[in-house]
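Participant: The lines below spell out each chain.
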Amino acid sequence: MNNASLSHLRGKTAIAGVATFGCGESPGYSDMDLLANAARRAVTDAGLTMKDIDGVCTASVLATMWPMEVVEHLGINARFIDGTMIGGSSFVAHLMPAMLALESGQCDAVLVCYGSAQRTSTLNRKEVARARRRMDPQPYEHPYQPMLPLSAYALAASRHMHEFGTTREQLAEVAVAARQWARLNPDAFMRDPLTVADVLGARMVSDPLTVRDSCLVTDGGGAYVLVRGERARDLPKPPVYVLGSGTAVWHRQISSMPDLTVTAARQSGEQAYRMAGLGPADMDIAELYDAFTINTVLFLEDLGFCAKGEGGAFVADGNIRPGGSLPVNTNGGGLSWGHPGMYGIFATIEAVRQLRGDGEERQVAGANTAIVHGNGGTLSSQSTAILGTSATV
Amino acid sequence: MNDNAINPAGPAARVYAETLAAGRFRIQRCQDCDSAIFYPRELCPACGSGDLHWFAPSGRGTVYATTTVRRKEEAGGDYNVALIDLEEGPRLMSRVDGLSPDAVCIGQPVRARVAVEEDQGVLLFDAVEVDRQPEKDHE
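Here the protein sequences line up with chains Y and G, keeping their order. If you're matching positions, the first sequence starts at 1 in my numbering and goes up one per residue. If you're matching positions, the second sequence starts at 1 in my numbering and goes up one per residue.
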């Protein structure tokens, strides 16, 4: 394994602007409309104009040449373009190429942007799944009709329960904690009280995961702007520095995952920690892509917040709830805030808001460091970022 | 075309599908590093060799992970999806047949069976009774 720490990049770039738009339900808006509105607001938040943007990172679950559409639609003359599409972790993974482009002088301001109208789109999600089975076949999985991606996560949960005695109640605690955070966030899509019994009693989809173990299906756009650190200090908002970044992919299909209880987050996390010169004990908050309740358990373990196999007990002990030892998914996460198809950018945006002190009722007091973790596919791609306030550089 | 059918695109995939349609289960082995390989492909994912030969695996395997996909009764009811570890090493997705889906357990020994319908082969697994050693008499 390559041991380059990339520590020379620590703190060299900063997120200067963030925005979301149309999260929840936005009938009548297309993916691009949501993206464009989020993009303009993020650029304004950064104290810049669209003319200042000369780098773009973006990805789409539907369009194969999406970066060109985004460049055309927004009228950007891009000197740096990255359209790496590795599922929901893409917008966390975009940090590294964007940092390298800024540091090399290839460009001066990178817009990372995304939009999805999946909830209210006239293009039915079943139609999308059907088209994908034709265009991107998985001939060694599809004949058995797994409900993808959910059944893949259910298989991982079954294995975790078998090896470590993790219980459905412990998984449900992940959803309950997410809901408690969402109840502090007026922007969250689901804010009604939720109990462990509610999660266990919800409609079973693919054992052991119920519909309440699963992320929501919402619309939404999100964007952030990355610039060099010295420039960020002259812009209006408090800079949020990128201290560490790492991405790892070990497989695509769940049947090709080497060990269903160990994700590539172990590798991406190690890389990010090494670059930042920090470890799990240094993290004030964690934004961990919770597509399903098992994700949070796996990532808490693989990112070093507890030992392998102890994630269920860690969660059930109340550690990740508001007031717990490790605030996790402080906006309510994919489980309760919302999940517009690919959540990684929204996890990043929430970390920035917390580090700026803009978290309002859900603000974690004195948060200076955040770990953001994105997941894509069927536990396939893992990307970790460590962000920090000016006190950390 | 059935959207769920194996689409035998490519030489290795075609050999696999045609063999399966004839009722036989064959997988590849790398002649350079001896790795057994599933799914069929052009290069050994362990060492990069292109020298892969087909062979008949024993068909014995173990359930590595399992889920019951819930489906309405009128659409055919619940069904099993499992990951099976073959005795030779590779893991694959399949369905354990002949048991109620919720009776499929991790660690369950299974044996491969090829079901052929409408000129298409599908690899399934049946539960195997665990061989019990005769109990010794207590003295």
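Everything labelled a hint here was simulated from the structure, so no lab data went into it. Where a beta carbon is used, it is the ideal one built from N, C-alpha and C, also for glycine. Treat the hints with caution; some may be incorrect.
[To be verified] Using C-beta positions, here's what the derived DEER-type ranges look like:
1) Ser-5/Y <-> Arg-41/G: 30 to 40 angstroms
2) Ala-46/G <-> Thr-44/Y: 44 to 54 angstroms
3) Gly-48/G <-> Thr-64/Y: 21 to 31 angstroms
4) Gln-106/Y <-> Asp-51/G: 47 to 57 angstroms
Participant: Now tell me, hint by hint, if it's right for this structure.
Facilitator: Checked hints:
no.	hint	result
1	Ser-5/Y <-> Arg-41/G: 30 to 40 angstroms	holds (34 angstroms)
2	Ala-46/G <-> Thr-44/Y: 44 to 54 angstroms	holds (51 angstroms)
3	Gly-48/G <-> Thr-64/Y: 21 to 31 angstroms	holds (28 angstroms)
4	Gln-106/Y <-> Asp-51/G: 47 to 57 angstroms	violated (42 angstroms)
In terms of the numbered hints stated before, the structure departs from hint 4 and from no other.
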